[in-house]
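Engineer: Each chain, letter by letter, is given below.
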Amino acid sequence: MAPDSAILDVQGVTAGYGGSAVLQDLGLSVRSGTMTGVIGPNGAGKSTLLKVIVGYLRPSQGEILLDGVAVTGLPPEQRIAKGIAYIAQTRSHFPSQTVQENLRLGAYLVKDARLRAERQNAVFERFPILHERRRQLAGQLSGGEARMLEVGRMMMTAPRLAILDEPSVGLSPKLVDVVYGHVRSLCDQGMSFLIVEQNVRKLLSVADFIYALEGGRNRYDGTPHDLSEDGRLAELYLGARG
Amino acid sequence: MTQTFSARQVAMILAVVIVAATLPFIAPNDFIIHTVCIALVYAVLAASWDLLYGFAGLISFGHAGFFGLGAYSAALFTTYLGLPAWFGPPVGAVAGALLGVAIGVPTLRLRGVYQALSTLAFSESLHVVATNWYSVTRGTLGFNQHPTFFRMIGELHKSYYVMLATCSVCVAVIWWIARRSRMGMTFRAMRDDDIRARALGINIVQQRVLVFTLSGLFAGLAGAIYAHYVGLVSPSELGPSLTILVIAMSTIGGVGTIIGPAVAAVVLYALTELLHLAGTVYNQIAIGALLIAFVLFLPDGIAGWFVRHGRRTPAKS
Amino acid sequence: MHGASGVRMLLDLVYFAALGVMTGGLYGLLGLGLNLIFGVMRVINVSHGEMLTLGAYTAIVMGLGGVTSPWAAIVAAVMVVTLIGFLIARYLLQPLTVESRIDEQRGMVLSLGLSLVLANLVLAVFGPEYQRVPGKLAEGSIVLGDLIIEKQRLIILIASLVLAAALMAFLRFTLTGKAIRAVGENPEAAQASGISVRKIHLLTFSIGSALAGAAGALITPATYAFPAMGLNYTLYAFSVVIIGGLGSVWGAIFAGFLLGIVESLSVIWLPSGYNTIVGPVLMLFTLIIRPQGLLGVKPGRA
Chain A
1 MAPDSAILDV
11 QGVTAGYGGS
21 AVLQDLGLSV
31 RSGTMTGVIG
41 PNGAGKSTLL
51 KVIVGYLRPS
61 QGEILLDGVA
71 VTGLPPEQRI
81 AKGIAYIAQT
91 RSHFPSQTVQ
101 ENLRLGAYLV
111 KDARLRAERQ
121 NAVFERFPIL
131 HERRRQLAGQ
141 LSGGEARMLE
151 VGRMMMTAPR
161 LAILDEPSVG
171 LSPKLVDVVY
181 GHVRSLCDQG
191 MSFLIVEQNV
201 RKLLSVADFI
211 YALEGGRNRY
221 DGTPHDLSED
231 GRLAELYLGA
241 RG
Chain B
1 MTQTFSARQV
11 AMILAVVIVA
21 ATLPFIAPND
31 FIIHTVCIAL
41 VYAVLAASWD
51 LLYGFAGLIS
61 FGHAGFFGLG
71 AYSAALFTTY
81 LGLPAWFGPP
91 VGAVAGALLG
101 VAIGVPTLRL
111 RGVYQALSTL
121 AFSESLHVVA
131 TNWYSVTRGT
141 LGFNQHPTFF
151 RMIGELHKSY
161 YVMLATCSVC
171 VAVIWWIARR
181 SRMGMTFRAM
191 RDDDIRARAL
201 GINIVQQRVL
211 VFTLSGLFAG
221 LAGAIYAHYV
231 GLVSPSELGP
241 SLTILVIAMS
251 TIGGVGTIIG
261 PAVAAVVLYA
271 LTELLHLAGT
281 VYNQIAIGAL
291 LIAFVLFLPD
301 GIAGWFVRHG
311 RRTPAKS
Chain C
1 MHGASGVRML
11 LDLVYFAALG
21 VMTGGLYGLL
31 GLGLNLIFGV
41 MRVINVSHGE
51 MLTLGAYTAI
61 VMGLGGVTSP
71 WAAIVAAVMV
81 VTLIGFLIAR
91 YLLQPLTVES
101 RIDEQRGMVL
111 SLGLSLVLAN
121 LVLAVFGPEY
131 QRVPGKLAEG
141 SIVLGDLIIE
151 KQRLIILIAS
161 LVLAAALMAF
171 LRFTLTGKAI
181 RAVGENPEAA
191 QASGISVRKI
201 HLLTFSIGSA
211 LAGAAGALIT
221 PATYAFPAMG
231 LNYTLYAFSV
241 VIIGGLGSVW
251 GAIFAGFLLG
261 IVESLSVIWL
271 PSGYNTIVGP
281 VLMLFTLIIR
291 PQGLLGVKPG
301 RA
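Quick note, the sequences are listed as chains A, B and C, same order. Just so you know, we're using the working numbering here: the first sequence kicks off at 1 and counts up by one. Just so you know, we're using the working numbering here: the second sequence kicks off at 1 and counts up by one. Just so you know, we're using the working numbering here: the third sequence kicks off at 1 and counts up by one.
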């Protein structure tokens, strides 16, 4: 497979809840090994888009392609098995189980014990605090530690495409930098990312490619640089946060 | 918002009115009239349940509690004070309303399953008391010392018209509260979105107690009417089986419409009673199976189906 | 004189408390199954008591077929009710799933219809008579002064505790058990970990039903079966899960014993017949004062 081929292709997706369409004929693709960001105002359909990609929600029209193969009809766990990972906006872990149990559950589909141990070591190397707290309940972790646990849980499946819904939510600016630092380094190791984010400035500073949504439709796509250059768009997406 | 009726709808309504008005003369036997009388009571009960669930989003798992309490209060009150039967219904209504307050106030914070089970806990407590307080309620034998509106034999026609009039008015009033009054609007806002309703300045606490009170009032009233029509009140009027029946009727009729549950109650009760030859057991199985089928395939009930297929306008899309 | 009556009183308390412990184990087992199902699927199963009824009648059928060993009947009941539970979950509850969650209110109303159907099906097939099984779990009683405890009751208690312990160990130590808890805590994150919420739901409902079925076959040798028995047990199970805390596994065991003991002691103060009010009243107080239950944690998610 060519290095810049698309790992994910969303083609003409229309989806919504109980008859009302939140997404309208939406298209998007994530190139292998890149970090792609999705921005847009509240209600633009960003979270719905992620739900459709992960498989929680079936689109009424359109296709989701992973490595060029349609996965539109598959349940989430089978998409996970194909190399997708997902971290939800809030509490994407299991608070009443220990850190180690959370990681074990993250590797639910990994049958090879040696592989699991390897990956767990990689997680603990990256996040020493998790090693320290491995016997503690996840519910006792701080917000930043919980985020790291979620990234760790995700690493256990060694995904090729990681999908993150607002990873900066509830974190201090310093922790946001830490989290995105890890994301960037994982990306540089070859993991592709699709990230939805309210913190537009942060996303523009790290992402390789940006999609802007509005009212469930594509509004713009291009590099963060192009977006910042376009005065009207920059005002629209950055102005409010200025 | 004015509603226009099609010619077919007008014809249907007219037909129902004519059949209802002349039933005593066209019914082949008294048993049918008697069955319809009781079915009318259930219509009020189902409508009052729907006011809670269909409009305020509150599930009553103990609706029989309101009904039975209304029935016992009316029967005992009229008996001990030596009053005629006509004093019973207001007493039953007040008792039901008070129970509504008693349930509504302490359970204000509860949602979903918790809220549903709190109503069950109330009605089950009353059920146990009615079953065991033999000196007052005569336990499972049932209480039968109280006056009835009319004699069961010979005055059935009079009874029928009284039942028809009071129960129709009750259902109509419940419908008006739910669909046409400001109260109904606030109930719906509360059901759809607690937080937004609060933001709109709706006093959730007050409205929740209010809807419990109103629902209890009509359920209690239905119980009292039942008591003074049949002349016998037994603990099963407070039991879970009655609640199950009411929920089944309402779901099949179509929650959130008042009329749907009321009509379904009349039809289902009348049908199952008149098909008694088939055996109660099979009737119950049929109602249960129907309920399951509706939850699975037609969750908005018959009324919901009518709404969807009756007013299908091409503008939507 | 005063001292003697005080001792008498104390002995009474111990006696009734002991009887309460005997029934409490069973209440706990029932509540445990209901709680497991609620904790994972968010469905309050109104037909839980009917699963007990079906277990009891499986034992009756075994008895009619000439199998006198109650233990064989219990094994058969577990198998039959597991299968029925699986079918219910697969064909009735699964269609109500939206975005990995079952619609709470539709699930509740559906199980209500199910309870009506199952109880009356049993009535249609077996008739309204009280029925017994030929075998007993054990003969005789244990006598400790005034305290007479049927050996059967003791075995029911022990078996209930063993089943409860087995379930808890399963949930605590096996990967599948952890996955069940994970789905209960956070279905989206469970799916994102590659856990099939669908399969876990089927498994959970089957296990929860099987526990009730086992309870049904377990109590039949010591009592009798009749078609409407389920509803009463459903009410007990509701009381137990609310008092202990909806979704709390330990809470169910604790509340089961609490309810059994208080109900048993209540005969000292309440007129006969009123003991069944203890369940609903305790449930009501719990809901008003501490809705999350004695051992439950405040529900964290909407």
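These are calculated hints, taken from the structure and not from any lab test. Among the clues, some could well be false.
Here are the simulated PhoX-like pairs of lysine-lysine, each with C-alpha atoms no more than 25 angstroms apart in a straight line [said to hold, decoys possible]: (1) K151/C with K136/C; (2) K199/C with K111/A; (3) K111/A with K82/A; (4) K174/A with K202/A; (5) K82/A with K199/C.
Interface residues of chain C toward chain B, partial, derived using beta-carbon atoms under 8 angstroms [stated by the list, open to error]: (6) M108; (7) V117; (8) R290; (9) L294.
Note that beta-carbon positions come from the ideal geometry of N, C-alpha and C, so glycine has one too.
Engineer: With reference to the structure, classify each hint as holding or not holding.
Structural biologist: Hint-by-hint comparison with the structure:
{"no.": "1", "hint": "K151/C with K136/C", "result": "holds, 10 angstroms"}
{"no.": "2", "hint": "K199/C with K111/A", "result": "holds, 18 angstroms"}
{"no.": "3", "hint": "K111/A with K82/A", "result": "holds, 15 angstroms"}
{"no.": "4", "hint": "K174/A with K202/A", "result": "holds, 12 angstroms"}
{"no.": "5", "hint": "K82/A with K199/C", "result": "holds, 19 angstroms"}
{"no.": "6", "hint": "M108", "result": "holds, 7 angstroms"}
{"no.": "7", "hint": "V117", "result": "holds, 4 angstroms"}
{"no.": "8", "hint": "R290", "result": "violated, 11 angstroms"}
{"no.": "9", "hint": "L294", "result": "violated, 14 angstroms"}
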